[in-house]
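So the protein lines, in turn, are chains A and B. Residue numbers for the first sequence follow this note's numbering, beginning at 1 and rising by one. Residue numbers for the second sequence follow this note's numbering, beginning at 1001 and rising by one.
If you're looking for bench data, these hints aren't it; they were derived computationally from the structure. We put the CB at the ideal spot given by N, CA and C, even for glycine. Treat the hints with caution; some may be incorrect.
[Stated by the list, open to error] With a straight-line cut-off of 30 Å between C-alpha atoms, the simulated DSS-like cross-links for lysine-lysine are:
#1 K1031(B) to K1171(B)
#2 K171(A) to K18(A)
#3 K1313(B) to K290(A)
#4 K236(A) to K1313(B)
#5 K1434(B) to K445(A)
#6 K1171(B) to K290(A)
[What the hints assert, rightly or not] Quick look at which bits of chain B chain A covers, simulated, 3 or more residues with Cβ under 8 Å:
#7 1329–1338
#8 1407–1419
Protein chains: 2
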Amino acid sequence: MKVAKFGGSSVANSEQIKKVGSIIADDTERKFVVVSAPGKRFDADTKITDLLITLSDLATQNKHYTGIVEEVIARFSEIIHELDIPETILTDINQSIQTVLNGESSEQMKIDGLKSIGEDSCAKIVSEYLKTIGLNAHYLNPKDAGIIVSDEPGNAQVLPESYDALYEMRKRDGIIVIPGFFGFTMDERLMTFSRGGSDITGSIVAAGVQADLYENFTDVDSVYVVDPRIIPNPEKVTKLTYKEMRELSYSGFGVFHDEALMPAFQAEIPVCIKNTNNPGSPGTMIVSEKDPQSRCVVGIASDTGFSNLYVSKYLMNRELGFGRRLLQILEDESISFEHAPSGIDNMSVIIRDNQLTAEKELNVINRIKQELNPETISIDYGFAMVMVVGEGMMSAVGIAEKSTAAFAEANISIEMINQGSSEVSVMFGIRKDKLDLAIKSLYNKFFN
Amino acid sequence: MKVAKFGGSSVANSEQIKKVGSIIADDTERKFVVVSAPGKRFDADTKITDLLITLSDLATQNKHYTGIVEEVIARFSEIIHELDIPETILTDINQSIQTVLNGESSEQMKIDGLKSIGEDSCAKIVSEYLKTIGLNAHYLNPKDAGIIVSDEPGNAQVLPESYDALYEMRKRDGIIVIPGFFGFTMDERLMTFSRGGSDITGSIVAAGVQADLYENFTDVDSVYVVDPRIIPNPEKVTKLTYKEMRELSYSGFGVFHDEALMPAFQAEIPVCIKNTNNPGSPGTMIVSEKDPQSRCVVGIASDTGFSNLYVSKYLMNRELGFGRRLLQILEDESISFEHAPSGIDNMSVIIRDNQLTAEKELNVINRIKQELNPETISIDYGFAMVMVVGEGMMSAVGIAEKSTAAFAEANISIEMINQGSSEVSVMFGIRKDKLDLAIKSLYNKFFN
Chain A
1 MKVAKFGGSS VANSEQIKKV GSIIADDTER KFVVVSAPGK RFDADTKITD
51 LLITLSDLAT QNKHYTGIVE EVIARFSEII HELDIPETIL TDINQSIQTV
101 LNGESSEQMK IDGLKSIGED SCAKIVSEYL KTIGLNAHYL NPKDAGIIVS
151 DEPGNAQVLP ESYDALYEMR KRDGIIVIPG FFGFTMDERL MTFSRGGSDI
201 TGSIVAAGVQ ADLYENFTDV DSVYVVDPRI IPNPEKVTKL TYKEMRELSY
251 SGFGVFHDEA LMPAFQAEIP VCIKNTNNPG SPGTMIVSEK DPQSRCVVGI
301 ASDTGFSNLY VSKYLMNREL GFGRRLLQIL EDESISFEHA PSGIDNMSVI
351 IRDNQLTAEK ELNVINRIKQ ELNPETISID YGFAMVMVVG EGMMSAVGIA
401 EKSTAAFAEA NISIEMINQG SSEVSVMFGI RKDKLDLAIK SLYNKFFN
Chain B
1001 MKVAKFGGSS VANSEQIKKV GSIIADDTER KFVVVSAPGK RFDADTKITD
1051 LLITLSDLAT QNKHYTGIVE EVIARFSEII HELDIPETIL TDINQSIQTV
1101 LNGESSEQMK IDGLKSIGED SCAKIVSEYL KTIGLNAHYL NPKDAGIIVS
1151 DEPGNAQVLP ESYDALYEMR KRDGIIVIPG FFGFTMDERL MTFSRGGSDI
1201 TGSIVAAGVQ ADLYENFTDV DSVYVVDPRI IPNPEKVTKL TYKEMRELSY
1251 SGFGVFHDEA LMPAFQAEIP VCIKNTNNPG SPGTMIVSEK DPQSRCVVGI
1301 ASDTGFSNLY VSKYLMNREL GFGRRLLQIL EDESISFEHA PSGIDNMSVI
1351 IRDNQLTAEK ELNVINRIKQ ELNPETISID YGFAMVMVVG EGMMSAVGIA
1401 EKSTAAFAEA NISIEMINQG SSEVSVMFGI RKDKLDLAIK SLYNKFFN
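Pulled out of the complex, with its shape left as it was, chain A reads as follows (with noise of 0.2 Å):
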């Protein structure tokens, strides 16, 4: 039995519907149907969420909202028009919208009502067009499926009391159709999750209902070895360990929110990512164990935009507690850090960018001064993280070699390199104008 998830291009219009019934009429395992909100149908174009998302910023502030409003119910007339399914459900719609705009409930209850309508409307859509073709399908809300979350608006958290009453909907006959993104709490309020959260909820219908597998339908193939903005058609990943889609997601892998693997990851429940254009693909299975038979390194990840807190002093690794304070001050000031590889008498701390101001900068930079005395210290920015993935690969000998070599042939000097006794992952860190030239001779090392 298998839980399906498909995300907003999948549902972005009827055309796009439609692909998603005849994957669910072409294989009976596919149970639960979890969906996002109709994303982009163009480039141009906006998500519903987006538009329920300002539809909420204008009605907290008192704004003129009409507008808005008229235009999420175009794009679900469309829809539904299109798929000739009955006109009450637009009704329905509309009305949800008008009882969270008019209701007594909190501005932030009112912000989550609003943007979980996107979800809420195309599980209802999707289940009426899986009738429409002749499948046995029912809408089921996340309040009576048991998705039980904490109370944290905008950012709740599945609840462990969620996994028996999901277990339940094994009995429920038919086809389930879930909307993702939002749950209730223990007293029925509706809370989302973060955002992308629709991965999030099929990931816990996944290890609630134990699937044999979890389908996770985009408008990819399959996850790439590589960026494929670097490296044109790159070769495909076909099997990976959640570890390795980890490592990859950290950086140039976008294809999932890896947060929402958690789940699925503690049930042990394989992942599949497909392609709701191109089912026929096998795309890329996420499994718990690395297949002995598999190749070593799966992929090369490479992300821009980190900064390198560089702290030396001569016989810093005489004082008991050195690097501790300097993580102290770094997370007193709410920074967050990716790595910390050090020599005899110096650290350097790599931070993404996106952790630094000015004012944090400065504030880090004194305390350091002032409470470490150290001899140097610096913020160096502009580099960028390169990982080299593969479960196991550090037992085998030679791959460092490789990776180094790629660099030494592309003719770029490794500032930094890191590796733990994880063996998912080596990382190099380089000057960020030398990672496409890297990037390629990587991969030309490791997969052409």
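Fit chain B to the given chain A structure using the hints.
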């Protein structure tokens, strides 16, 4: 003007002291001489400092100590007779010992007082001997030299006030012979430095008198590029920077008491390591700035006795403060760490085995489990660390490749890699049984 420091083996007996005399006579720039206590004359011999430590142990425990006093006196007596210098020095030494033994001072001050007698007596002897060979030499007590230290018996730290007083020594006539290893507090109580502290005195004096060169006479011709116990007769290092020396001292390079270099390092005084038994050999120069003409990699240091604390947790890198809290737990158990290479969802902390006890390990593991809730946690023993050292090495393309190729060619898998942006070294963690193989392969790659 030069400061020449002579280690224990350089003043172990009259024959060695004669070598010291001709080294000093040979170069009129050698104005300041710092001496250790006489060391071992042969392998099974006992250093005078160790005799004095035994003496202080017996004295403080009210045990019979006359035999040890006689042994110390006999050692000095032999030297004095063989050098043919006045017997009065021996009386003087005996009186110094009796004064401390029978004095009213605290136990801790007695210990420091007795320990200092080896260096102090040796300075008196060397100074008298230099006179007999026609040099205008004078013994100078550290109190009169102006070496002012903190009130920490056995671990005194030099106070900044010392340097002005030391600078005044430049005005003194002739050759000044100063005992190493101790100084005096502001209220004139004698305090010793930590073990190996004659190097500290030498370095302080060199910084204070603003010497052109600090010569450190030992019993080896130079620093070697690799541990000569692993590679017989390896290449010599003719010149290296302070930072490189420090990275090499980290492991396998016991030539230097690295803390001792601090004052010379801060005053940018060049240091030369030379051999009393072969003073014509150029030795190894330690300087502030890398010579751009010199070889990129200066040496390969290595050491065994490391453990790896490994912690993994899905989405670890989203938890602000995870790394800091992990290091805090170690610090609470007074465990200092060497490196902390990390992946996305894991962190390895490399710790010297001497930092761990069964009890500490248990405490650390329990607290990490309770407070950080990781997926996996383990402590793995039996690692060796290999450091490829060379300032600026990483801006040279291909050094990482050359290093990793050496491991691959020796069929050794690299368990950890750590390189900050310091560009002074790159660290490789391997299984300790592979260490000799790794060093041989790296030596062949970089030096042979």
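Structure-based check of each hint:
1. K1031(B) to K1171(B): Holds. K1031(B) to K1171(B) sits at ~11 Å (cutoff 30 Å).
2. K171(A) to K18(A): Holds, at about 27 Å.
3. K1313(B) to K290(A): Holds - the C-alpha atoms of K290(A) and K1313(B) are around 18 Å apart, at most 30 Å.
4. K236(A) to K1313(B): Given that 30 Å is the threshold and the Cα spacing comes to 28 Å, the pair holds.
5. K1434(B) to K445(A): 27 Å, holds
6. K1171(B) to K290(A): 74 Å, violated
7. 1329–1338: With 6 residues closer than 8 Å to chain A, the stretch 1329–1338 of chain B meets the three-residue bar; holds.
8. 1407–1419: holds (count 11)
Taken one by one, the earlier hints fail for this structure only at number 6.
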